[in-house]
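Residue numbers (this note's numbering), protein chains in the order written: chain A, 1 to 83; chain B, 84 to 166; chain C, 167 to 336; chain D, 337 to 506.
Think of the hints as simulated: they come from the structure by calculation, not from any bench. Where hints are given, some of them may not hold.
Said to hold, decoys possible - Below, a sample of chain D positions facing chain C; criterion: calculated Cβ distance under 10 Å:
#	residue
1	Met-345
2	Met-346
3	Ala-385
4	Arg-432
5	Val-434
6	Ala-445
7	Val-473
Stated by the list, open to error - Below, in silico cross-link-like pairs of lysine to aspartate or glutamate (DMTMM-like), each with a Cα-Cα straight-line distance of 25 Å or less:
#	chain 1	residue 1	chain 2	residue 2
8	B	Lys-134	B	Asp-104
9	A	Lys-51	D	Asp-483
10	B	Lys-134	B	Glu-114
11	D	Lys-475	A	Glu-11
12	C	Lys-305	D	Asp-483
13	A	Lys-51	D	Glu-398
Nothing here was measured: the structure is a model prediction, and the numbers come from that model. C-beta atoms are modelled at their ideal positions from N, C-alpha and C, and glycine is treated no differently.
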Amino acid sequence: MKVLYFAWVRERVGKAEEQLDPPPGIATVGELMAWLAQRGEQYAYAFENPKVIRAAIDRSHVRADAKIAGAAEIAFFPPMTGG
Amino acid sequence: MKVLYFAWVRERVGKAEEQLDPPPGIATVGELMAWLAQRGEQYAYAFENPKVIRAAIDRSHVRADAKIAGAAEIAFFPPMTGG
Amino acid sequence: MSVLVKRLMMTTTIRLQREPFDVNAEVAALISDRTDIGAVVTFTGQCRADENGEPIAALTLEHYPGMAETEIARHADEAQARWPLLGVTVIHRYGRLVPGDGIVLVATASSHRQAAFAAAAFLMDYLKTRAPFWKQVEKASGTAWVDAKAADDAAADRWAAPPRQREAAK
Amino acid sequence: MSVLVKRLMMTTTIRLQREPFDVNAEVAALISDRTDIGAVVTFTGQCRADENGEPIAALTLEHYPGMAETEIARHADEAQARWPLLGVTVIHRYGRLVPGDGIVLVATASSHRQAAFAAAAFLMDYLKTRAPFWKQVEKASGTAWVDAKAADDAAADRWAAPPRQREAAK
Numbered sequence: 001m002k003v004l005y006f007a008w009v010r011e012r013v014g015k016a017e018e019q020l021d022p023p024p025g026i027a028t029v030g031e032l033m034a035w036l037a038q039r040g041e042q043y044a045y046a047f048e049n050p051k052v053i054r055a056a057i058d059r060s061h062v063r064a065d066a067k068i069a070g071a072a073e074i075a076f077f078p079p080m081t082g083g
Numbered sequence: 084m085k086v087l088y089f090a091w092v093r094e095r096v097g098k099a100e101e102q103l104d105p106p107p108g109i110a111t112v113g114e115l116m117a118w119l120a121q122r123g124e125q126y127a128y129a130f131e132n133p134k135v136i137r138a139a140i141d142r143s144h145v146r147a148d149a150k151i152a153g154a155a156e157i158a159f160f161p162p163m164t165g166g
Numbered sequence: 167m168s169v170l171v172k173r174l175m176m177t178t179t180i181r182l183q184r185e186p187f188d189v190n191a192e193v194a195a196l197i198s199d200r201t202d203i204g205a206v207v208t209f210t211g212q213c214r215a216d217e218n219g220e221p222i223a224a225l226t227l228e229h230y231p232g233m234a235e236t237e238i239a240r241h242a243d244e245a246q247a248r249w250p251l252l253g254v255t256v257i258h259r260y261g262r263l264v265p266g267d268g269i270v271l272v273a274t275a276s277s278h279r280q281a282a283f284a285a286a287a288f289l290m291d292y293l294k295t296r297a298p299f300w301k302q303v304e305k306a307s308g309t310a311w312v313d314a315k316a317a318d319d320a321a322a323d324r325w326a327a328p329p330r331q332r333e334a335a336k
Numbered sequence: 337m338s339v340l341v342k343r344l345m346m347t348t349t350i351r352l353q354r355e356p357f358d359v360n361a362e363v364a365a366l367i368s369d370r371t372d373i374g375a376v377v378t379f380t381g382q383c384r385a386d387e388n389g390e391p392i393a394a395l396t397l398e399h400y401p402g403m404a405e406t407e408i409a410r411h412a413d414e415a416q417a418r419w420p421l422l423g424v425t426v427i428h429r430y431g432r433l434v435p436g437d438g439i440v441l442v443a444t445a446s447s448h449r450q451a452a453f454a455a456a457a458f459l460m461d462y463l464k465t466r467a468p469f470w471k472q473v474e475k476a477s478g479t480a481w482v483d484a485k486a487a488d489d490a491a492a493d494r495w496a497a498p499p500r501q502r503e504a505a506k
């Protein structure tokens, strides 16, 4: 699946997007964040407080308990500040 | 005092303004309307339903019980439909 | 008639005119040379081609010169007392207008959007019910004065209590 | 990216762009050739020269291409389902903006003013909290991401219940 990062999540991770293949045990958005946080220092920093991070699956807002099965594109970002 | 009429009050009375000197017994806006209604057919028609007519003294909205003593300009008109 | 008051950092512009208005020019004047304005709301009221479902050819607006300016200025002051505004513009036309013509423009500027939205809605509700203007329409059956709408009175009544009391009443 | 849908008599225009927008041109497009529109409300959000009292030199807006358009279109549809609108325009800029620059334009058209006011306020509250945009400011001390405001979440929550339930709850 394609994983996208925006704003300070992107800055902390150090990249805007990447192709990832999480292990089968990772079923939800929350579990994916926990798995990402273990991938290195920058990821640990980006996901140190997962409660403040918002997620979207295939361009729709989802909660941390959303299932990731079948997702083509998952995005992580801080609370929005548009308008 | 100068008396002004607007919209359908003006059309019914047949004039936009006039100088009037009501008798001393006429103390309030409501009494002035009743006195005007007796001045002829056109006035009777204009003031046939005084409850729907709004009034202003010296360019401020007033109620029917407002005193007219000292007024330089009194206006009568239907409910406003601006904006 | 035109009133232009610069008060501290607040600009109030009130005009009654026969001529059309240019929304862009009025907004540009409202925000010119300022970088403290975060939100601008405009309301434009336009002449529709129907009144209560019946086609109309034109609208003629009569007003009470002198009182109309005073009433609008009083409500602009009231809006400034209620919300942290950085600018208010009210332009009301009179005379004969045809469908598609602008009738009234209200523009409000503030640092933040809620104040700009609330003040513009407040000013429109008051213009509808308290500003001395009267509309006459030209229909196939002749001319007719537009009746005041109970819904407009109800909308204006929303603002009758000061904001603090309204909050407490919720 | 640009989406233009003519649906019955409703026009929806949604654009994300680097370029400035022209409020007058957008309003002219919204109301062109129509005489059933009685009310047009515009909201313009502008870059201020300060953020929480600290001077800023510029604002950079990052967005999620693809999702931003979809989210805005979904909220424009929601606005049309809630109020009798005749047209909606939303333009959101991205990239680097300086104080005084326009950031976002929302324009709503209706026969009557309450629908136009409510829909514009609704769309702005949702753009602030749900549209995937992020602001970074340039200050003397360096760059910083703007924090989301609890007041914006509270404003958006106003619209969470459908209108009928909200009325009944009063």
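Outcome of the hint check:
{"no.": "1", "hint": "Met-345", "in the structure": "violated, 13 Å"}
{"no.": "2", "hint": "Met-346", "in the structure": "violated, 16 Å"}
{"no.": "3", "hint": "Ala-385", "in the structure": "holds, 4 Å"}
{"no.": "4", "hint": "Arg-432", "in the structure": "violated, 16 Å"}
{"no.": "5", "hint": "Val-434", "in the structure": "holds, 9 Å"}
{"no.": "6", "hint": "Ala-445", "in the structure": "holds, 9 Å"}
{"no.": "7", "hint": "Val-473", "in the structure": "violated, 13 Å"}
{"no.": "8", "hint": "B/Lys-134 to B/Asp-104", "in the structure": "holds, 23 Å"}
{"no.": "9", "hint": "A/Lys-51 to D/Asp-483", "in the structure": "holds, 15 Å"}
{"no.": "10", "hint": "B/Lys-134 to B/Glu-114", "in the structure": "holds, 12 Å"}
{"no.": "11", "hint": "D/Lys-475 to A/Glu-11", "in the structure": "holds, 18 Å"}
{"no.": "12", "hint": "C/Lys-305 to D/Asp-483", "in the structure": "violated, 56 Å"}
{"no.": "13", "hint": "A/Lys-51 to D/Glu-398", "in the structure": "holds, 21 Å"}
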